[in-house]
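Counting from 1, one number per residue, gives the positions in the sequence shown under the UniProt record's numbering.
The hints are simulated quantities; they were obtained by calculation from the structure and are not laboratory data. Some clues are possibly wrong.
Restricting the straight-line Cα-Cα distance to at most 25 Å, the calculated cross-link-like pairs of lysine-lysine (PhoX-like) are [to be verified]:
(1) K256 with K230
(2) K256 with K220
(3) K256 with K206
(4) K230 with K206
(5) K220 with K230
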Amino acid sequence: MPQTNILSFFSRPKQDPPVTPVQEQEVLETEHTPESLENQAEDNDNDQAHPQATNTSNTNETSSTKPKPSILSQVHDHLSSNNLSQPVTIPHLPHALIVPLSPSQLPSIQRLTSTTLPIRYSDSFFREPLNDTTLSQLTRVVLYSSEPVGWMRCRIEPASPTTTGAANQPQLHQIYIQALALLAPYRGLGLATLLLDTVLSTPIAKDESTVSVYAHVWEKNEDALEWYEKRGFYRVLLVQRYYRRLNPGGAWIVRKELH
Numbered sequence: 001m002p003q004t005n006i007l008s009f010f011s012r013p014k015q016d017p018p019v020t021p022v023q024e025q026e027v028l029e030t031e032h033t034p035e036s037l038e039n040q041a042e043d044n045d046n047d048q049a050h051p052q053a054t055n056t057s058n059t060n061e062t063s064s065t066k067p068k069p070s071i072l073s074q075v076h077d078h079l080s081s082n083n084l085s086q087p088v089t090i091p092h093l094p095h096a097l098i099v100p101l102s103p104s105q106l107p108s109i110q111r112l113t114s115t116t117l118p119i120r121y122s123d124s125f126f127r128e129p130l131n132d133t134t135l136s137q138l139t140r141v142v143l144y145s146s147e148p149v150g151w152m153r154c155r156i157e158p159a160s161p162t163t164t165g166a167a168n169q170p171q172l173h174q175i176y177i178q179a180l181a182l183l184a185p186y187r188g189l190g191l192a193t194l195l196l197d198t199v200l201s202t203p204i205a206k207d208e209s210t211v212s213v214y215a216h217v218w219e220k221n222e223d224a225l226e227w228y229e230k231r232g233f234y235r236v237l238l239v240q241r242y243y244r245r246l247n248p249g250g251a252w253i254v255r256k257e258l259h
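Work out the full structure, taking the sequences as your base and the hints as a guide.
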């Protein structure tokens, strides 16, 4: 995949988001696709499935487009009341909602992801959150005028000793960002930040045993790294030759401590 596509994800769109959904060819060609997903797609020898260099939202989300604290508080209140199946409204974007993944959205999500990434995901990657209560909490979709324009999928996994600082705490967990995609016309509105915050407001993320959230970011994607850093993530380790199709192929592990 051309490296310019990865970096282009973080440029501000030159138009306001359309009231009606955009067509497939307008999908941005970037996602958060770490090596593990490439491995899974190419030879199924690695069970990790993460998004490429970084498909978060763009780092050009200014103070005017980032979700304001009051909006994020509404997200926290909404999810803390166990309304996990209910949509999260966005006051400054009346056409937009953040909702759990549903079967009817799968075709659009699959098209969005396949157009965005040069990687083939198995059908199970998209369907698993529908049948797994844990994954369903960690998967959210952005609707605009009732059509999917982005999504985020995470998984929960045991926290490593390097994460917890102790090797004898197997009960601790961490969230891994597997996929985060957003169509180009909807960047710069704070939607990716709201996706992240919605996931981090779920009971799983709020549980005391969930100690951190992390992702992989292509080492040359400074805009993505800055996006994460502005949201409380820090660089942990540069993994060399993480991306097979990029040059250089290193990926930064970025992590945010929870609670």
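Hints versus structure:
1. The hinted pair formed by K256 and K230 meets the criterion: a straight-line CA distance of about 11 Å does not exceed 25 Å.
2. Straight-line distance between C-alpha atoms of K256 and K220 comes to about 20 Å, which keeps the hinted pair within the 25 Å bound.
3. For the given pair, K256 sits about 13 Å from K206 by alpha-carbon distance, which is consistent with the 25 Å threshold.
4. For the suggested pair K230 and K206, the alpha carbons sit about 21 Å apart, so the restraint of at most 25 Å is met.
5. For the hint linking K220 to K230, the alpha-carbon distance of about 17 Å falls within 25 Å, and the restraint holds.
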